[in-house]
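Novice: As they're listed, the protein sequences go chains A and B. Here my numbering is used: position 31 in the first sequence is 36, and no number is missing along the way. Here my numbering is used: position 128 in the second sequence is 133, and no number is missing along the way.
Since the hints were made in silico from the structure, they are not lab data. Please read these numbers as outputs of a predicted model, since none were measured by experiment. A hint or two may mislead.
To be verified - List of simulated lysine-lysine pairs, DSSO-like, C-alpha gap at most 30 angstroms:
hint, chain 1, residue 1, chain 2, residue 2
1, B, K163, A, K139
2, A, K139, B, K42
3, B, K163, B, K42
4, A, K42, A, K163
5, A, K42, B, K139
6, A, K163, B, K139
Stated by the list, open to error - From the derived model, a few chain B residues whose C-beta atoms are all more than 10 angstroms from chain A:
hint, residue
7, N10
8, K42
9, N43
10, G44
11, E45
12, I46
13, I47
14, T49
15, G83
What the hints assert, rightly or not - Per the computed footprint, the stretches of chain A lying under chain B, defined by three or more beta-carbons under 8 angstroms from a beta-carbon of chain B, are:
hint, stretch
16, 72 to 79
17, 97 to 105
Glycine is no exception: its CB is placed at the ideal position from the N, C-alpha and C atoms.
2 protein chains.
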Amino acid sequence: MTEYNTPDYHFMLEAVRLSAQSVQQGTGGPFGAVVVKNGEIIATGSNCVTTANDPTAHAEVMAIRAACTVLGNFQLTGCDLYTSCEPCPMCLGAIYWARPDRVFYANNRYDAAAIGFDDRFIYDEITQLPENRKIPFIQLPCPEAAQPFTDWLNSTQKITY
Amino acid sequence: MTEYNTPDYHFMLEAVRLSAQSVQQGTGGPFGAVVVKNGEIIATGSNCVTTANDPTAHAEVMAIRAACTVLGNFQLTGCDLYTSCEPCPMCLGAIYWARPDRVFYANNRYDAAAIGFDDRFIYDEITQLPENRKIPFIQLPCPEAAQPFTDWLNSTQKITY
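Let the hints inform the model, and build the full structure from the sequences given.
Specialist: Have a look at this one:
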């Protein structure tokens with residue numbers, strides 16, 4: 006049961022407003038997102054894949070990047086993400102790397118599929134072995150690739166993430 | 006059996022060189038990537054998560070973004086991606102949205118886990134139901150969210166991706 010007069014709902018409405026704006030202004034798909042910290046929106050994002058010529062410019066990725074810039078950090082500890090639609094696998098991965106506390110979404114993956122955004126295909130591909138994917142993922146063993154990994158392991162100056 | 010005197014290997018060595026440079030210069034994790042079209046490297050990327058304060062700044066994402074800028078397109082049709090390590094789920098998602106023809110990788114997910122990059126956790130989380138994930142994904146149904154989806158479906162000016 007959704008409570009309609011809560012801070013959560015207020016933040017979600019802003020994400021939805023951004024999703025509507027994206028369609029109206031022709032900047033990209035119907036998706037918006039906001040990042041909230043301590044009860045305030047600190048960053049927003051909307052889909053601009055086709056206008057920025059950036060296939061990674063989904064609303065969640067844009068909002069995460071913007072929030073990290075605001076915070077001067079590569080982590081979103083203590084933040085919540087509100088997105089107008091359930092994140093695709095790319096955005097889910099970005100969320101796990103950014104590590105916000107919680108994610109709220111309005112439309113779900115079935116709603117998205119109904120308007121032509123079939124994330125299911127990517128979700129299915131992820132679980133396939135690399136060599137069985139529709140886009141072939143081919144391991145090209147390279148002895149030289151081991152050294153940078155060893156260097157990283159041995160580095161005393163590295164910043165882990 | 007890897008052939009060591011091929012264009013594929015040459016491109017991979019450049020991705021590996023970028024991964025080594027990233028550690029040496031302290032710009033980020035030991036990962037590099039290049040995008041190739043018609044036998045030429047058109048864009049490169051290396052991990053700069055901790056210096057750019059951008060959790061999405063993985064080598065593959067950086068290379069994909071750069072290649073799309075070069076091509077003035079949000080698709081990498083006719084391109085191959087060479088990456089020094091098997092892509093994480095975020096990068097895999099980005100690859101599916103960018104749609105290159107093929108992906109080549111050197112180190113694999115087990116090599117990455119051995120130096121502290123355990124993508125397995127994210128791969129496992131993706132297959133969980135949203136409400137069962139370690140980062141809670143909470144659906145907040147919002148009647149207002151349906152309209153932008155309908156607007157998108159009915160738009161005659163939209164650019165699909």
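Novice: The output says I46 (chain B) does not contact chain A. Does that hold with a beta carbon cutoff of 10 angstroms?
Specialist: holds, 15 angstroms
Novice: Sort out whether K42 (chain B) lies within 30 angstroms of K163 (chain B), counting only the CA atoms.
Specialist: Distance of about 28 angstroms is within 30 angstroms: holds.
Novice: Given the hint that K139 (chain A) pairs with K42 (chain B), test it: the Cα-Cα distance must not exceed 30 angstroms.
Specialist: holds, 19 angstroms
Novice: Quick one: work out the minimum CB distance from N10 (chain B) to chain A and report holds if it exceeds 10 angstroms, violated otherwise.
Specialist: holds, 13 angstroms
Novice: Mind checking the alpha carbons of K163 (chain A) and K139 (chain B) for me, to see if they're no more than 30 angstroms apart?
Specialist: holds, 26 angstroms
Novice: Are K42 (chain A) and K139 (chain B) close enough, with their CA atoms no more than 30 angstroms apart?
Specialist: holds, 19 angstroms
Novice: Against chain A, does I47 (chain B) hold up as non-interface, every C-beta pair farther apart than 10 angstroms?
Specialist: Non-interface label on I47 (chain B) holds, nearest chain A Cβ at 14 angstroms vs cutoff 10 angstroms.
Novice: Are the Cα positions of K163 (chain B) and K139 (chain A) separated by 30 angstroms at most?
Specialist: holds, 26 angstroms
Novice: Say whether it holds or is violated: G83 (chain B) keeps its Cβ farther than 10 angstroms from all Cβ of chain A.
Specialist: holds, 13 angstroms
Novice: Far enough from chain A: is every CB of that chain over 10 angstroms from the CB of K42 (chain B)?
Specialist: Holds, since 15 angstroms exceeds 10 angstroms.
Novice: Just want to verify: G44 (chain B) was marked as not at the interface with chain A; is every Cβ pair farther apart than 10 angstroms?
Specialist: holds, 16 angstroms
Novice: In terms of beta carbon proximity below 8 angstroms, does the stretch 97 to 105 of chain A have 3 or more residues touching chain B?
Specialist: Our answer is that it holds, as 9 residues pass the Cβ test (under 8 angstroms) against chain B, meeting three.
No hint from the list above goes unmet by this structure.
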